[in-house]
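Participant: Residue-level listing of the chains:
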Amino acid sequence: MIDLQLLRLQTLIIHRVPKKAGQGEAAVAPTLSDAPTPDRADVKAFFQRRVRAAIAEHGLPIEPDPARDHFGADAIEAMLGDANELTPQSRGLAARLFDVQDLRNTAGLLVVGVGTVGDRRAIALMKLEHDSGIRAEERRIGGQLTFEVVVHDDLLLTPHTQLFKGAVFLPAEDGVEALGADLQVPGIADFFLEDFLGFRLVETAAVTTERLLDAGERWIAGLPDPEKQARYEIALLAQLQSAQRRMNLPAFAQASIDVNDRQGFREAVQAGGVRWGTFQMDTTAVESRIKRVAYSFASGIKLVGKRDAMEAHVRVERAGESRARVTVEDELDRVHSHG
Amino acid sequence: MADRLAYADIYAAFKNERATYEKLVERVVVLLKGAIKQAGIAGEVKGRTKDLASFATKALLGGYADPLNEIGDIAGVRISLVYEDDVEAATDLVRECLYVVRSESKLDALAFNEFGYLGVHCDARLRDGDAVDSDADLADRRVEVQIRTLVQSAWAEVSHEKLYKPAAGVPDELKRQIYRLVALVELFDSEVSRFTQLAAQTPGYREAEALRPLADELLQRFDIRVRPDRYLSLVMAAALLPLYEEVAPDALYEEVMRKWIEDNEDALRVQFEEAAALRTNPLALQPESFLIFERLTNDQARLHDVWPETIPLSWYEELAAAWGHGHT
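Protein chains in written order, with this note's numbering: chain A, 1 to 339; chain B, 1 to 328.
The following block holds chain A by itself, in its conformation from the complex (with noise of 0.2 Å):
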């Protein structure tokens, strides 16, 4: 468990990582940095905060894969053993992701940092991408006094940007705990995770899916009131249906659950084992599970079910012109009223 609240950068190194130069382009390489960037309280509060905002909304477990090559996490413990290792070893990470990236990665920045978290040493890594901005910047022109607008379109991190891949490493018994975020792509972009740290997700986001159902119906099968348990299990299968493939929770709980019940829902998730954020979605281990029927009629009244609940025990029958007769034939369980 990696409680990133307690997340302190003492020394931060930067290196430039260019773009890779097209053909016909005249070669470029990375600028490496030969000592940490100086010593600034603002500048490291700045990126603690960033890693923590976008692990805690993107964060996913990472580990190192065996079937990689393990030059990425031989930089990172070396690292976590001994902080001197600093500038040399990162100074070879920026060079290995410069090696990775392609013509589609653009020019930015490698941020490597060493701290701590409680009492554990700690390794912070950023990936920042090219932001823009603008500044007005006092001018006399002709003696009058004036503001130009010069657009700045090399900015590295603002507090809005979203060009942003990083991950955090503590030292554990059996080598490393990690969290990975990319607040680019769903889950975490391959050529970051695997081909530059040589890392995998410690869980599917099959596993991860499977375990937000599991948890949410867990949560809305407690719930004492009828009517909310029917909303929100279709608010869930409906989110777990849709075309997107990644799942928000946050923004997920905020439009589809009363405000009184999301600390219950956030809760129950977290106990299920889903980190509370954003997760790609794939529901290939529950698809069976996720498939309703719902039937909707003129009155307001809805009859939803699972699909072969409903094959079993429900028969529609033509009753004239655009009406039906519906007949469920089953065990009365609870019955309910309001108002």
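Be aware that a few hints might be false.
Partner residues are not named here, just some residues of chain B that face chain A (Cβ under 7 Å, in silico) [to be verified]: (1) ASP266; (2) ALA301; (3) ALA321.
Treat the hints as calculated values from the structure; they're not laboratory data.
Predicted model, so just to flag it, every value in this text is computed and none were measured.
Backbone N, C-alpha and C define an ideal beta-carbon position, used for all residues, glycine too.
Given chain A's structure and the hints, the job is docking chain B onto it.
Facilitator: Just chain B now, kept in the frame of chain A:
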């Protein structure tokens, strides 16, 4: 010669006993300090043991047959309260903490057209359970507990110093100058009491008062020397305190926040270090930030729901992200 011998005997007898009385005073001060603090009563508790010469002189001049048992103020403890309204509650606490043999309200001794000192005096002993075996000698010793306001204390000390201590007597017309001040003391306490009651009815006052212990934490535990913005505090307190609907505002700190702050001290320390370095969010170093972080942890959705319209939502989002709890 007989007097000198008697004085020496009294002096020697008390010298043997004085350490025991000092221990008694120390014990009673600790008991009452704890009780006053836990009850949230503003005031201070101090104690003193009569010095040797003073005791011997009083015993000699008073003609006591058994001065150690007859003089009631050998061990003295004083509770000085900020507010007159707390005198009754403090007296009740003394009765809970000690076995009170006798109590006297000095007000009862005054006619409606008389002014004078208004303290409450209690002659008390430790309760049986508080005089443990090792201190069995404390069990039957008397301690005088005086309960009064800080202003009454000030008047009592000044009058004692100016009227009774001088070796030469003070003429009555001069004494009157000191005695007429006691009417002002009574008026002062009464006006402060009236103000407190009226202020408590002002919208937002109780809520803002609930933030005071949090402001103290910010300064003392986390060493954040930033003067809170009172407007921000009022707006945020009015929005946040209803989220603790089961707790009265004045009990919020003791019942909810104190333990939560202790449990999350390290994480809060990181937050305040970052906020002090960045200075990007005016709320981050306000006392109500404790409430924001606590609600982010335990009921983020409702916190988001009640966020005041007059406070930028981006401040909330920044704090939530900094705390590692996303946006909603």
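Participant: Now tell me, hint by hint, if it's right for this structure.
Facilitator: Hints versus structure:
no.	hint	result
1	ASP266	6 Å, holds
2	ALA301	3 Å, holds
3	ALA321	4 Å, holds
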